[in-house]
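Following the hints, position chain B against chain A.
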Amino acid sequence: MEIAQGVQFVVFIILSVLMISTALGVVLLDNIVDSAFLLGGVFMSISGLYLLLNADFVAAAQILIYVGAINVLILFAIMLVNKTEVFKTVKGRVLRQVSTALVCGGLFALLSTMVLATPWQLSDVSPAVIDNTILTIGQHFFSDFLLPFEVVSVLLLMAMVGAIILARRDLIPESQQTEVYTTSLTLPEKPRDLISTSNDQ
Amino acid sequence: MEIQLQYFLLLAAALFCIGIYGLVTSRNAVRVLMSIELLLNAVNINLMGFSNYLDPDEIKGQIFTIFVITIAAAEAAVGLAIILAIYRNRDTIDMEKFNLLKWYYTVNNE
Numbered sequence: 001m002e003i004a005q006g007v008q009f010v011v012f013i014i015l016s017v018l019m020i021s022t023a024l025g026v027v028l029l030d031n032i033v034d035s036a037f038l039l040g041g042v043f044m045s046i047s048g049l050y051l052l053l054n055a056d057f058v059a060a061a062q063i064l065i066y067v068g069a070i071n072v073l074i075l076f077a078i079m080l081v082n083k084t085e086v087f088k089t090v091k092g093r094v095l096r097q098v099s100t101a102l103v104c105g106g107l108f109a110l111l112s113t114m115v116l117a118t119p120w121q122l123s124d125v126s127p128a129v130i131d132n133t134i135l136t137i138g139q140h141f142f143s144d145f146l147l148p149f150e151v152v153s154v155l156l157l158m159a160m161v162g163a164i165i166l167a168r169r170d171l172i173p174e175s176q177q178t179e180v181y182t183t184s185l186t187l188p189e190k191p192r193d194l195i196s197t198s199n200d201q
Numbered sequence: 202m203e204i205q206l207q208y209f210l211l212l213a214a215a216l217f218c219i220g221i222y223g224l225v226t227s228r229n230a231v232r233v234l235m236s237i238e239l240l241l242n243a244v245n246i247n248l249m250g251f252s253n254y255l256d257p258d259e260i261k262g263q264i265f266t267i268f269v270i271t272i273a274a275a276e277a278a279v280g281l282a283i284i285l286a287i288y289r290n291r292d293t294i295d296m297e298k299f300n301l302l303k304w305y306y307t308v309n310n311e
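Protein chains in written order, with the working numbering: chain A, 1 to 201; chain B, 202 to 311.
Okay, chain A solo, but in the shape it has when bound (with noise of 0.2 Å):
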């Protein structure tokens, strides 16, 4: 990349301090739909990072697919199963957060000294050796990596059947009598009575 290494390290400074940040909120606020849109945040500033990394196609791709498709996804989610509830106490609930607290610290704390102490072999070539990386990225898709490849496709199509056989609603049995005609691509389904919103109470 042809930005100055400053420029590029203050860039890494406020990318890092925003992701770090965003992080945080996602995990500590109160209301789920702040969480959710802080999600965003954080997929956008690790997009940044990957800019950084001299990977481009990588960076617009998590950008379509985390922001575009993961983060729409969880916010539908919140929207199906929008029930405010308040949870009701748990004993010892405030140990097991600091139990919980103190060993992501010290995990986070071998983990930096792993990081710090092992002789990385950095590679001699300059990074921004490839000029095109969508070039680099297909051919490997179709010579060396062509069998993971269309595994994952064919992951996709389960993951998707799954997830509407899961999402639907129950089969009542014995509509599947009343009914006059039915082919394979009638799905009978349990009508469902409406939860009441929190605004209706």
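Careful: at least some of the hints might be erroneous.
[Stated by the list, open to error] Here are a few chain A residues that face chain B, going by a calculated C-beta distance under 10 Å:
(1) Gln8
(2) Met19
(3) Ser35
(4) Tyr50
(5) Asn54
(6) Tyr66
(7) Ile74
(8) Val81
(9) Leu122
(10) Pro127
(11) Ala159
[To be verified] Not close to chain A: a few residues of chain B, all C-beta gaps over 12 Å, as computed:
(12) Leu301
(13) Leu302
(14) Trp304
Since the hints were derived computationally from the structure, they do not count as laboratory data. For each residue, glycine too, the CB sits at the ideal point set by N, CA and C.
Chain B only, in chain A's frame:
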């Protein structure tokens, strides 16, 4: 000031720890899924850092990242469908009440 591989690895470790904390402590089932996305993204940052600094002429780490992104999309769809199904069954999204497989099963008295 030059950005080094260690900075990215430390950042990924921090994101991973935040994700683990959220995975264990959150009570809303949708937030658990969000924490899993955070974990997957931490791993992706690691892979991209290694791809850029250790293997810059063959960028295989980027291929791995694309596979991880794909599988994360499938996982999110199936996970949200499971949450929807269990919400219909038990009429709650509180993780503390999903205790059907607990070794001492306590009936939730509402």
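Review point. Any Cβ of chain A at or closer than 12 Å to B/Leu302, or is the non-interface label fine?
Key: holds, 18 Å
Check your understanding: Regarding the hint that A/Tyr50 lies at the interface with chain B, is the smallest CB-CB distance below 10 Å?
Key -> It holds, given that the least Cβ distance between A/Tyr50 and chain B is near 6 Å, below 10 Å.
**Study point:** Interface hint compliance - A/Ile74 to chain B, C-beta minimum distance less than 10 Å
**Key:** holds, 6 Å
Review point. With 10 Å as the cut and Cβ atoms as the points, is A/Met19 at the interface with chain B?
Key: holds, 7 Å
Point to revise | Interface restraint verdict for A/Tyr66 against chain B (beta-carbon cut-off 10 Å) | key: Since the shortest Cβ distance to chain B is 7 Å, the answer is holds.
Point to revise | Interface hint status, A/Leu122 versus chain B (Cβ within 10 Å) | key: holds, 6 Å
Exercise for review: Against chain B, run the beta carbon of A/Gln8 and see if the smallest gap drops under 10 Å.
Suggested key: holds, 6 Å
**Study point:** A/Ala159 as an interface hint toward chain B, with CB separation required under 10 Å
**Key:** A/Ala159 check passes; min Cβ-Cβ to chain B is 3 Å, inside 10 Å.
Check your understanding: Going by Cβ atoms only, is A/Ser35 closer than 10 Å to chain B?
Key -> holds, 6 Å
Point to revise | Exclusion check [B/Leu301 not at the chain A interface, CB over 12 Å] | key: Given a closest Cβ separation of 16 Å, the condition holds.
Review point. Is the nearest CB of chain A more than 12 Å from the CB of B/Trp304?
Key: holds, 17 Å
Exercise for review: Verify the interface restraint on A/Asn54: the C-beta must sit less than 10 Å from at least one C-beta of chain B.
Suggested key: holds, 6 Å
Violated hints are absent here; each numbered hint is respected by the structure.
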